[in-house]
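In order, the protein sequence lines correspond to chains A and B. Here the first sequence is numbered in the working numbering, starting from 1 and rising by one per residue. Here the second sequence is numbered in the working numbering, starting from 1 and rising by one per residue.
You may find that some hints are simply not true.
Covered stretches of chain A, as calculated for chain B (at least 3 residues, CB under 8 Å) [unchecked claim]: (1) 97-103; (2) 306-313.
Using C-beta positions, here's what the derived DEER-type ranges look like [to be verified]: (3) Pro-267/B <-> Ala-209/A: 34 to 44 Å; (4) Lys-333/A <-> Leu-132/B: 51 to 61 Å; (5) Pro-267/B <-> Lys-199/A: 54 to 64 Å; (6) Pro-267/B <-> Ser-309/A: 43 to 53 Å; (7) Val-116/B <-> Pro-325/A: 47 to 57 Å; (8) Val-48/A <-> Glu-275/B: 25 to 35 Å; (9) Glu-275/B <-> Leu-235/A: 35 to 45 Å; (10) Leu-266/B <-> Arg-284/A: 20 to 30 Å; (11) Arg-107/B <-> Trp-198/A: 54 to 64 Å; (12) Pro-54/A <-> Glu-184/B: 33 to 43 Å.
By construction, these hints were calculated from the structure, which means they are not laboratory data. Source: prediction; values computed, not measured. Note that beta-carbon positions come from the ideal geometry of N, C-alpha and C, so glycine has one too.
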Amino acid sequence: MSGRKNNRARGLAVFFLVLPLFLFLVSLSIGSYGISPRGLFKTMVSIVAPSSHPDVPLAYRDILLRIRLPRILLAMAVGASLSVSGASLQALFKNPLVNEYILGISSGAAFGAALSLVFLGRAVPPQIAGFVFAVVAVGAVLLISGKAESHFITLLLTGIIVTAFFSALLSLVEFFASPYVLQALFFWLMGSLSLASWKDLYISLPLIAVGLVILFLLRWRLNVLSMSDEEARSLGVNVRREKILVIAATTLITAAATAIVGIIGWLGFIVPHLVRMMFGADNRRVVPLSAALGASLMLVADDIIRGVSPFEIPIGIFTSLVGIPIFLVLLKKTRKVWL
Amino acid sequence: MSHFQAAGCQKGPFWRRPLLIMCSSAVLLAGTLFPSQGQTIKDNLNRTVTVPPRAERILSLQPEITRILVALGAADRLVGLDYFIGRDDHLFKILYPDGTGLPVVSRPDASINKEVIVRLDPDIIFTSPTELQVPDSIQRSLGIPVAALASMGRFDGLLKEIEIIGVLTGREERAEELGRYFQEKIRFVTESIGPLDPEARPSVYLAFWSSLVRTPVFYEPVQAAGGRNVADHLLPSYIGTIGTIVTLEQVIKWNPDIVLIQGSFLPREREVTVEGVLGDKRLGSLKAVARRRVHYTLGFWYWWDPAGVLVETLYLARLFHPDKFGRLDLEEEGNAIYEMFYKKKDVFTELVKFLGFHERTEK
Numbered sequence: 001m002s003g004r005k006n007n008r009a010r011g012l013a014v015f016f017l018v019l020p021l022f023l024f025l026v027s028l029s030i031g032s033y034g035i036s037p038r039g040l041f042k043t044m045v046s047i048v049a050p051s052s053h054p055d056v057p058l059a060y061r062d063i064l065l066r067i068r069l070p071r072i073l074l075a076m077a078v079g080a081s082l083s084v085s086g087a088s089l090q091a092l093f094k095n096p097l098v099n100e101y102i103l104g105i106s107s108g109a110a111f112g113a114a115l116s117l118v119f120l121g122r123a124v125p126p127q128i129a130g131f132v133f134a135v136v137a138v139g140a141v142l143l144i145s146g147k148a149e150s151h152f153i154t155l156l157l158t159g160i161i162v163t164a165f166f167s168a169l170l171s172l173v174e175f176f177a178s179p180y181v182l183q184a185l186f187f188w189l190m191g192s193l194s195l196a197s198w199k200d201l202y203i204s205l206p207l208i209a210v211g212l213v214i215l216f217l218l219r220w221r222l223n224v225l226s227m228s229d230e231e232a233r234s235l236g237v238n239v240r241r242e243k244i245l246v247i248a249a250t251t252l253i254t255a256a257a258t259a260i261v262g263i264i265g266w267l268g269f270i271v272p273h274l275v276r277m278m279f280g281a282d283n284r285r286v287v288p289l290s291a292a293l294g295a296s297l298m299l300v301a302d303d304i305i306r307g308v309s310p311f312e313i314p315i316g317i318f319t320s321l322v323g324i325p326i327f328l329v330l331l332k333k334t335r336k337v338w339l
Numbered sequence: 001m002s003h004f005q006a007a008g009c010q011k012g013p014f015w016r017r018p019l020l021i022m023c024s025s026a027v028l029l030a031g032t033l034f035p036s037q038g039q040t041i042k043d044n045l046n047r048t049v050t051v052p053p054r055a056e057r058i059l060s061l062q063p064e065i066t067r068i069l070v071a072l073g074a075a076d077r078l079v080g081l082d083y084f085i086g087r088d089d090h091l092f093k094i095l096y097p098d099g100t101g102l103p104v105v106s107r108p109d110a111s112i113n114k115e116v117i118v119r120l121d122p123d124i125i126f127t128s129p130t131e132l133q134v135p136d137s138i139q140r141s142l143g144i145p146v147a148a149l150a151s152m153g154r155f156d157g158l159l160k161e162i163e164i165i166g167v168l169t170g171r172e173e174r175a176e177e178l179g180r181y182f183q184e185k186i187r188f189v190t191e192s193i194g195p196l197d198p199e200a201r202p203s204v205y206l207a208f209w210s211s212l213v214r215t216p217v218f219y220e221p222v223q224a225a226g227g228r229n230v231a232d233h234l235l236p237s238y239i240g241t242i243g244t245i246v247t248l249e250q251v252i253k254w255n256p257d258i259v260l261i262q263g264s265f266l267p268r269e270r271e272v273t274v275e276g277v278l279g280d281k282r283l284g285s286l287k288a289v290a291r292r293r294v295h296y297t298l299g300f301w302y303w304w305d306p307a308g309v310l311v312e313t314l315y316l317a318r319l320f321h322p323d324k325f326g327r328l329d330l331e332e333e334g335n336a337i338y339e340m341f342y343k344k345k346d347v348f349t350e351l352v353k354f355l356g357f358h359e360r361t362e363k
């Protein structure tokens, strides 16, 4: 009986792990510019071998290569990043209410982007400034909270305070901004994949990849870190070093994702819970499955946006609209949310 | 009040704005005046506001109304301004230099300094209908009549607004003169173009509000100038001039003949530029890009400037139909229009210079 259950769980896990690949292929065919499956195939072939199908319209190539592909890849990278970040921090803080923005990343990134747009005249791109200040915000949290590894409540409180501080700084910058620049800032803050480009991927993907690899390698240690510090030490783990490493990696991927697409709420909170409800709290499974499910959920949300209407609804709305009902159904079914 | 919102842009989630405007749309063109009932106006929020028989001390937190007051020659009645007009509107400093000394009452974060309002002691306050709570909040707490009026980006709304402000300030004749002039100019454009088949209208995509993918779903100057806004009716038309975000793919699908970029920002503040669009490889397949028909346009200035919208229509008409308007001296026309409204010479020349697209408006 138990064996059959395990097999089913394993099958489901495999399904979730290959789901992003399937959705990736499906997503290539979704968009307001109707391209037939045949046209899509010919375009893909012509991208690889340009002389094979000279009759492929330029618009098809542009849409597939320059619009859909970078957008889909960015959606997957961001979805995976925010979800893995949320899962890791929830495990680290031993707290189900933690999300990927708890250490001030969102407000730090927003302040950095605002600073770039308002005062620096884009001498430093908002994405770079956003990333730098997201890291500064987390650095400030760690510095202020002192021995973070043994005082998580202090760390969380400091995160809230630093978030509030950077939010106040953001308001101050907004006060001095011209209304024209404010428009650009609000658009950035709204969070969107609408202008995704290869340049965005070149900036964010290496950072996200490094962070994800670190967290993937550390996934089994997250189980140990979820225990008390004494227990973890008795198992030979350097608690302080490992915790700082996890925080650094989550900061890296969340800041890289947020700096490019803005603030996308709920994903890093919902996805790890969904995974734990379905597969248990073992972080060896939670981390990779959160990455896969986060990427899938983000892609589905983006596909709805791109496929349903010619106008674009901020993706944060759809991650919530898709994720929350699933979360509630599972919550009702399993009646547990943590560990 | 946030003039960011008044500009047809939204500070908060973008779907909020259509809802706000839908609330006000029932009386969008109204602002009806009932002099027989002792100066009562119905504003765009469907509020009935009793106003003084002749407003002597006016606090305008709505840029469009501030400009109309100047055009009507009633600028000396202004006792205070909103932050945009008072601080950021480069054109207003030219149109009414004395206004720079007036107290600024609102802030970019949508807050309003009520203590300053009390000190200024206005007879009436004008606000934007996009800030639903502001009029009632001020009126309840200070007992000063507050009217929420705006054209909502429609020509008839603007004409009605000029008429109402004319009556409230006792400048009915001037209001009538400006209204007539406005209609004559629009008529000149539409009659010069003549009846057009939909195919004869160039398709136009408007990249407004500092973004390549934010576009107005209703922009009357394009229609009046014989063009066709590709995003027209993307959202129901009854909600007035609002913006929405579209996908880049949709822009390619529309494949417009012309791309217009809002150019009412100083060059250093532009996030979207003509050069940027022409060099954007994602847009390489667009007809407009291939034919290099990507241009700046004035766009909104926190709703309309009554003179600006006329110049905009003429400019677009020349752009869309060079065969009919090729000989139009836009600079001369623009200066004449601004002089008619604001009694100032060479305003248009100065405007296009500081916006950095002087060469684009030359004959």
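Numbered hints the structure breaks, given as an ascending list: 1, 4, 5, 6, 9, 10, 11 and 12
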